[in-house]
Amino acid sequence: GAVVSQHPSWVICKSGTSVKIECRSLDFQATTMFWYRQFPKQSLMLMATSNEGSKATYEQGVEKDKFLINHASLTLSTLTVTSAHPEDSSFYICSAVQAGVYNEQFFGPGTRLTVL
Amino acid sequence: DAKTTQPPSMDCAEGRAANLPCNHSTISGNEYVYWYRQIHSQGPQYIIHGLKNNETNEMASLIITEDRKSSTLILPHATLRDTAVYYCIVRYSGANSKLTFGKGITLSVRP
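Chains as they are written, first to last, in the numbering used here: chain A, 1 to 116; chain B, 1 to 111.
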């Protein structure tokens, strides 16, 4: 089946630093990837749509200068949280679209970010 | 995208069938019904999807009413590992079509 990986699985950083999270589709090419954020006891919230070779499309209320997304290849998208603060601590999850009749989305295992 | 409504929680006994309902009364003609589940602290896992016909795979069955306003996900023999939050989502099939997650239904499988 379609496999999506994320790295790192967890990260702890100091306030003010930047953190990069990678999302890879391991056995298929993904023109489109999505980035989600999930706070404790809440549902997933879509942050942005990432299309290979073009700028990401951000959801309302998501700061594009704070959450930098790069989708430079058909198997890799990165999310960089710039100048992280404690309120950015969350579970970040990516998904990748396997192109086909149904364009199904497959999710990565998530990255737990803790900002001290 | 059309919205869905699900009960907040349900439980079932291990080995019995778990029937998870979902209402999507405003679904459009070309929107699919998708089911995902999320086990604690993991990424969501795709389960099944359908348009108007009933579907079955190795994980579950999806029963969609004739008017497509509701559906039921059936786990035929629930195990403790099926304890999770189950999300019913309607979505177009386009590559850029988003998945909008609601609160889902928390299924607890008891021994």
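Hints listed in this document are in silico derivations from the structure and should not be mistaken for laboratory results.
Each hint should be verified, as a subset may be incorrect.
Unchecked claim - Simulated crosslink set (DSSO-like; lysine-lysine; CA at most 30 Å straight-line):
1) A:55 to B:3
2) A:66 to B:69
3) A:41 to B:3
4) B:69 to A:55
5) B:98 to A:64
6) B:103 to A:41
7) A:20 to B:98
8) B:98 to A:66
9) B:103 to B:3
10) A:64 to B:69
11) B:3 to A:64
12) B:103 to A:64
13) A:20 to B:103
14) B:69 to A:20
Could you work out which earlier hints the structure fails to respect and list their numbers in ascending sequence? 2, 4, 10, 14
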